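Chains as they are written, first to last, in this note's numbering: chain F, 45 to 403; chain S, 163 to 472.
Simulated from the structure, these hints should not be mistaken for lab results.
Pairs of lysine-lysine residues, derived as DSS-like cross-links and limited to a Cα-Cα distance of at most 27 Å, are as follows:
1. 392(F) <-> 233(F)
2. 383(F) <-> 233(F)
3. 257(F) <-> 429(S)
4. 354(S) <-> 466(S)
5. 230(F) <-> 374(F)
6. 232(F) <-> 429(S)
7. 230(F) <-> 429(S)
8. 429(S) <-> 233(F)
9. 394(F) <-> 383(F)
10. 395(F) <-> 385(F)
11. 329(S) <-> 354(S)
12. 374(F) <-> 392(F)
Treat the numbers as computed from the prediction; the structure is a model and nothing was measured.
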Amino acid sequence: MKRLLFQLSLVLVLVSLVVSGCAPAAAPATPAPAVENTVIVEVEKVVTATPAPVEEKAFRVALILPSTTKDSSFSQAMYDALVRLQEEMGKDKLEIAYSESMFKIPDAAAAIRDYASQGYNLVIAHGSQYGSSLAEIAPDFPTTAFAWGTTVNTFQSEGINNIFAYTGTSQFGGYVMGAVGAMLSKSKKVGICGPIETGDNRNYVKGVVQGVKDTNLGVTVTTIWTGSYSDVTAMATCAQTHIQDGADVLYGSSQSSTGAIAAAKENNVYWFGHQYDNIPLAPEVVVASQVYDFVPTLKDMIATIKAGVYGGKVYTLTLQNGGFEIRYNKNIEIPADVKAKADELLEKVKKGEIEIPLD
Amino acid sequence: MGDLFTLPVLLGIIYSGIRFATPYLFAAIGETFSQRSGVLNLGVDGMMLMGAYSGFFVAVKTNNLWLGLLAAALTGGLMGLLMAVISVTFQATQGISGIGLHILGLGLSTLLFTTTMGGVGTIGGFPPVRIPLLGEIPYIGDIFFNHNILVYFAFLLVPVSNWILYKTTFGLQVRAVGQSPEAADTLGVSVKGIRYITVTLGGILAGIAGASISIALINVFQENITNGMGFIAVALVYFGAWRPTGVLFGSLLFSFVNALQQWVQLKGIPIPAGMAVMLPYILTIVVLAFSSRRISKPAALTKKFERGES
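Based on the sequences and whatever the hints tell you, model everything.
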């Protein structure tokens, strides 16, 4: 009896593990069982690698996301772009599969390998933490294209030719929004809540800081790093610390920034977002967001792959090429002179007249 | 450096410290009851997540924060009951089953959230309540007596649980069961019954801890919003030597240092951000290391009990 009870409890624990969608740590060698958490979007007949259609086969893209497709941030920006592209190309031409919440790198690596062995044409590992896994897996699948970002490293120097890289010049949008925030601040204090001081977030913060300073309005700008992409509470305390210090305009990014946005809303201070449109989260206080648009990048990547090139190219998303867009909130009225100055700065940035040192 | 030790900064640190000690207090005091009766529940974080989700979901759908809180307590209680079934009746290894429950809570709350709510949203949480008279005292009133209702509840829980543990028959039974279940059993105390109650109570408080995040302090729900707070709460129970007052001290210390490190960054004190973020954790380890000698761990902690065996 006791043994039976023990086994039952073990089964319960195992069931909970499965429900949680924890992917196996080891990479499965056979293509058949997809990693849990994998969702095939809008397609019924796929999953098996058997080629069915007679005409041109659908282009198959698999996406590995560190967070969820609904994170109002970096992951959702990529997922939404793929869905938009699918609407444009047609569901019979583009097939999407994704694995979300892959915050554990071994899980992500297992998913990457799994998708590659299932014959996906393009596997996107959407996070700078996945690089070393890609470099290990990509050589085993020479006719599969891989992509990762944000980074500039395609591993071509190491002899790998089937990895694309993408990065963004987020500092320039940060610069423009930094200037707008400085002009809107009545307390002359602006606060930034950053996740981890690296890559895209670091560049963005550098841009905001310089944008604030270049207005020469005597506005001070301070940055607190929470040390995590996912610690929502740390972001909330960060925002509150800035507010207690007297800041009335706040900036931040990553999926954890929702905590800071809620604090901004509660205390009625302005918020500027990055990576994804933050306006719907708090239409009362979000002035603007710099939004990623991955559609042009994805289009070019797919065309390149169809032409027989599987990697080696670095895509840089900029305000000029439509990779970034600054989206303003129509509900918040910005004084005409501030808007005019913002537009002027945007033009300057686009013409390359503003330099933002990143070191 | 001098810029850091000014009155506004000090007040800011104390205010945030008190405020953000709330989830730790609820969760760690619940865990104290559970561990005092001999059950190590490592699933606190998963229970907090389920509480945070259900509190947020019900509050959004019904527009009633109190119903949200109730839902969080119920969900946490159910998770606690499940833990009790697994670890007390089925006698599974406590550490493993707790981790299983954590992963269950993490996965299930994310799944339910994405399917029932779509995307991230915010909610107007419990508003701050200024206590009459006390709240009017300059400085003191603002930092101590102008918080949302759950913050007061969390701090009231300390003397209440202290009284329950040390002044009531139930408390005596809990301590007896955790210290020597065989002896308690021979005196007619239902070991399993007591453990069911404490583990379920721990779940209820963990659920409320989660709701304190999602509908009182931060007012959003997001995947893995607790980010491991439940594990810190378990550590705080050891830190506090299984006493509610010790847990209070630990929660406040952790929370204060957390607030301090943000001000250190804000005031531009030249410490690398990564180092500053680590401060509260380093401090916890240091205190744990130095306090280990005086700690009296419940003797039957993590030990299963079956009548007639020993």
